[in-house]
Amino acid sequence: MTDNAFDDFFKNKLSDHSSPVPADMWDRIQQKGGNRRGAFWWKNSAWLFLFIAAFSVGGILVLNKKDDSTKLTAPGIVLKHENNAGNQKNTGVQSKSVIGKTSKIELDRHNTPVVPTNSTDNVAMTNRTGVVKTDPSSSDEGSHSNQFRKKTTEKLFSSGNKTKTTFHSNGQPAKAGNDDAIETAIIENTAENDYSLSTFNKKHASILLAVAMEEKPFSSMMINHELSEHLKSYHLACSVDCPSARGPQKNDWYIEVFASPDYARKTIIKGSNVSDDFLKRKDSTETFNGAFTAGIRISKTLGEKLMIKSGVQFSQINEKFSYKTENERRLTTVITIRTIIRSPGDTVLIRDTSTVEQIGYRVKTTYNRYRSIDIPVVIGYEWGNEKLRASVNAGVILNVHSWQRGEMLDTSLSTVSFNKTTGGQVFKQNIGLGVYAGFSVFKKVGSNMEIFGEPYIRYNISNMTNDKNPFTQKFNVAGLNLGIRYKLSAMGQRR
Amino acid sequence: MNAMKKLFYISLASVLMISCAKENSDVFVPYANNPLNDTVWTAEPLATASVNQLGELFSVAPKLDSFEVVPGATIKSTHDLEVTFPPASCNAPNGTPVTGRVKVEIIYLRTKGDMIRAARPTTSFNRLLESGGAVYIKVTKDGQEVVPAPNKTIIIKLRDANPNSLMKVFYGEQSSTSTPGNNFGFTWVPAPDSARVVPFQRQDTSGSIIRGYDLFSKRFRWVNCDYFIDSTLPKTRINTLLPVNFTNSNSSVYAVFKEQKIVVRLNSEVSSRTFFTINMPLNKNITLIALSKIGDDLFLASKDFLVVPNLTTQLSPERKTKQQITQFLDAL
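Chains as they are written, first to last, in my numbering: chain A, 1 to 495; chain B, 1 to 332.
Isolated chain A (complex conformation) (with noise of 0.2 Å):
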């Protein structure tokens, strides 16, 4: 009995048979809801930094996928076999890329013509580090010239490696010289390490693929269809590690450390039962003072100019409170040194504790501080040169905890304190999201690290104030991100 013969067996079986749910069951499951952590288990701050990980990691992995996708769909490439190959060399070439259903690879081997490839082939090869060798002494077809014919040369490929492997027909790696042997030569790239078009031209690099199969099938597994003992014809679907279609893939990493000296604008909206005169009082008494950003943002490329951003970012807005109140009264205790001369010779000194009260004007300044720490998610578009690059971004913070200290006018003209303890009664704990938009400008000062420059604005959608609030107030937030980009070289290699 197979393995799956036995499970079917046990599928057939049981297939239709109910057990009856324990009477405990859901004693259990309560149970182990009421360990479900708070609402700020993300506080703990070994928690909130796997948070940021896996969300960084996540949204990279998400979008590399993407991003291969985008090369499966590349535009087919049709290959021409001559063993006269002319300037081309038959030597290995190392390949990532798989061609898909769309993917053309038309061989002509004995200058047969060239017979499309049929479009339902579908080879899933994956190469990886393969390379197929062009052998032309074990094959009277060896002159016969590999050449591409269609657009290869707005293909960016790279191969500096000239590695070799011979397989079987059966897919097996074979030993060279093996009559069995498939050998398919495939470029080699003259320009080495040069991945531009143009320096591609110029050199007149090309690339060579030279299959040499026998008539039965390469692989059941890898090939559906059956090629001609003479090689006249091949029809492949390509199961060739092929390059991207945009060329190699930049994979680089980069940290970044900045600071941003910031400008804040409040928006207050009064409520119903507020009057104008209360929010003017308000508003006189309370001044912007500086505002600043600071954090740390890992960043990661996606394709050529695209970037993803994410870390974390403490925010502070000072606020200046000064109020003036009128006829306020104070009452400073005093000692007072009295020197008594009640005779001549007979002097006494009386200390003499005593309470002073003065009446005048009472400015009270308090610096009133509201502060957060968010999760920017910025995407961004690079572009530039070695020396100076300038990006465009874009994205979401998401703020994570936003507490506030200081002191404010209350609807009666008096002033109240709010802080970290009192604070949720007039503010929030977390002010939600806010969108992000910048403009960065980098100039490379190391072989790794490069200063920046980011003029940004941040909108914060929601309100910062609690519902209970008799006026809602939000800040609006400008500033110039002034910071550090270090490439992490361990991590950005290009695939």
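Keep in mind that the hints were calculated from the coordinates and are not lab data. Treat the hints with caution; some may be incorrect.
Cut-off 25 Å, straight-line C-alpha distance, at most; resulting in silico cross-link-like pairs (DMTMM-like, lysine to aspartate or glutamate) [as the list claims (entries may be wrong)]:
no.: 1; chain 1: B; residue 1: K322; chain 2: B; residue 2: E23
no.: 2; chain 1: B; residue 1: K303; chain 2: B; residue 2: E318
no.: 3; chain 1: B; residue 1: K303; chain 2: A; residue 2: D7
no.: 4; chain 1: B; residue 1: K284; chain 2: A; residue 2: D346
no.: 5; chain 1: A; residue 1: K364; chain 2: B; residue 2: E105
no.: 6; chain 1: A; residue 1: K324; chain 2: B; residue 2: E105
no.: 7; chain 1: B; residue 1: K258; chain 2: B; residue 2: E130
no.: 8; chain 1: B; residue 1: K6; chain 2: A; residue 2: E386
no.: 9; chain 1: A; residue 1: K320; chain 2: B; residue 2: D26
no.: 10; chain 1: A; residue 1: K280; chain 2: B; residue 2: E130
no.: 11; chain 1: B; residue 1: K320; chain 2: A; residue 2: D346
no.: 12; chain 1: A; residue 1: K266; chain 2: B; residue 2: E56
no.: 13; chain 1: B; residue 1: K320; chain 2: A; residue 2: D467
no.: 14; chain 1: A; residue 1: K324; chain 2: B; residue 2: E318
no.: 15; chain 1: A; residue 1: K324; chain 2: A; residue 2: D410
no.: 16; chain 1: A; residue 1: K443; chain 2: A; residue 2: E386
no.: 17; chain 1: A; residue 1: K364; chain 2: B; residue 2: D26
no.: 18; chain 1: B; residue 1: K303; chain 2: A; residue 2: E357
no.: 19; chain 1: A; residue 1: K364; chain 2: B; residue 2: E23
no.: 20; chain 1: A; residue 1: K324; chain 2: B; residue 2: D38
no.: 21; chain 1: B; residue 1: K152; chain 2: B; residue 2: E105
no.: 22; chain 1: B; residue 1: K141; chain 2: B; residue 2: E56
Here are some chain B residues the structure puts well away from chain A; computed CB gaps all over 12 Å [to be verified]:
no.: 23; residue: E23
no.: 24; residue: Y31
no.: 25; residue: P87
no.: 26; residue: R127
no.: 27; residue: P148
no.: 28; residue: A149
no.: 29; residue: R196
no.: 30; residue: S208
no.: 31; residue: T236
no.: 32; residue: L306
Coverage of chain A stretches by chain B, computed from C-beta distances (three or more under 8 Å per stretch; other residues unrestricted) [to be verified]:
no.: 33; segment: 330-340
no.: 34; segment: 352-366
No residue lacks a Cβ here, since even glycine has one placed at the ideal position from N, Cα and C.
Model the placement of chain B on the given structure of chain A, informed by the hints.
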């Protein structure tokens, strides 16, 4: 490149400065001209000082009347006070006899509280007097003050349940060196003339026995019926301290004897910022009273003491209304 570096460092410095914690402040600025903030003691308060306004504020209401000078008249005032003006008893300041009707204004200080309200303590140059009552008589003709005619005697009849035969006539004098209107310069001096006090006891029309004094005065204005208390008693100095807000410009302190009609106003001593008096007889029960006016606020403090050698006391005035203070003084 250099510009970028400079910009970077400037921005870094800006962020550091912004992020620096700034100290909150709560600044109190006293009003410059508010009397509550004036804690300065002066050698002699101005006539406009608050302390000199207390006398006007709590002054005893005068009896206003008029009479014909030539025939003379007897003016009856509150609390059975009678002032008899003999015929042709008024002259102008230049000695010219005044005829016709003149206006008369009479204030009678009967109680110790009245003497505080009028700021007329019973002392004569720091010597203590026990008073049988004081009267203020002011006669005017066409708005001009007149004086008694020579050889004319004004008879002032005061009621006193226990008249004292030691009583003599004292006139109120204002020190020539003191600022006009400043009560600090006021004192009583024994009448240098033939003025005298005669205790009386007689029946009134209802048959009741009435007692009192007949003062024969040669002057108008302040006339008092006093005598010097026993000068052989051991005496001491007492000092009274008030909080810093209360100075000699806005406060006056009195010592009131419980068993005698003696009211002593304590002097102010700028050097020690205290109120004091000397010649206080020992073992006397007194009440120290502080009256203050700061701005529009009135303050009152009172405390009982037994006079001991070198008594030093502290008073803490509290805000009171005018009515509360008046009631307190009337009860003394």
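Check the non-interface label on P87 (chain B): least C-beta distance to chain A beyond 12 Å or not.
With a cut-off of 12 Å, P87 (chain B) remains clear of chain A, as the shortest Cβ separation is near 55 Å.
Straight-line Cα separation of K320 (chain B) and D346 (chain A) no greater than 25 Å?
Answer violated: K320 (chain B) to D346 (chain A) is near 37 Å, above 25 Å.
Mind checking the alpha carbons of K303 (chain B) and E318 (chain B) for me, to see if they're no more than 25 Å apart?
Holds, at about 12 Å.
Are K141 (chain B) and E56 (chain B) close enough, with their CA atoms no more than 25 Å apart?
Satisfied, since the Cα-Cα distance of roughly 24 Å is no more than 25 Å.
Holds or violated: is the Cβ of L306 (chain B) farther than 12 Å from all Cβ atoms of chain A?
holds, 18 Å
Could you grab the alpha-carbon distance between K320 (chain A) and D26 (chain B) and see if it respects the 25 Å cut-off?
It holds: about 13 Å lies between the C-alpha atoms, which stays within 25 Å.
Would you check chain B against the segment 330-340 of chain A, counting CB to CB pairs closer than 8 Å, and say if three or more residues qualify?
holds (count 6)
Given hint E130 (chain B) paired with K280 (chain A) - CA-CA distance at most 25 Å:
violated, 67 Å
Check whether the Cα positions of K364 (chain A) and E23 (chain B) lie no farther apart than 25 Å.
Since the Cα atoms of K364 (chain A) and E23 (chain B) sit roughly 11 Å apart, the hinted pair holds (cutoff 25 Å).
Quick one, are K322 (chain B) and E23 (chain B) close enough, alpha carbons at most 25 Å?
violated, 45 Å
Minimum Cβ-Cβ distance from S208 (chain B) to chain A exceeds 12 Å
About 50 Å separates S208 (chain B) from the closest Cβ of chain A, which puts it past 12 Å; holds.
Taking only the CA atoms, is the gap from K266 (chain A) to E56 (chain B) under or equal to 25 Å?
Roughly 58 Å separates the two Cα atoms, so the pair is violated.
In summary, the numbered hints that this structure violates are 1, 3, 5, 6, 10, 11, 12, 13, 14, 23, 24 and 31.
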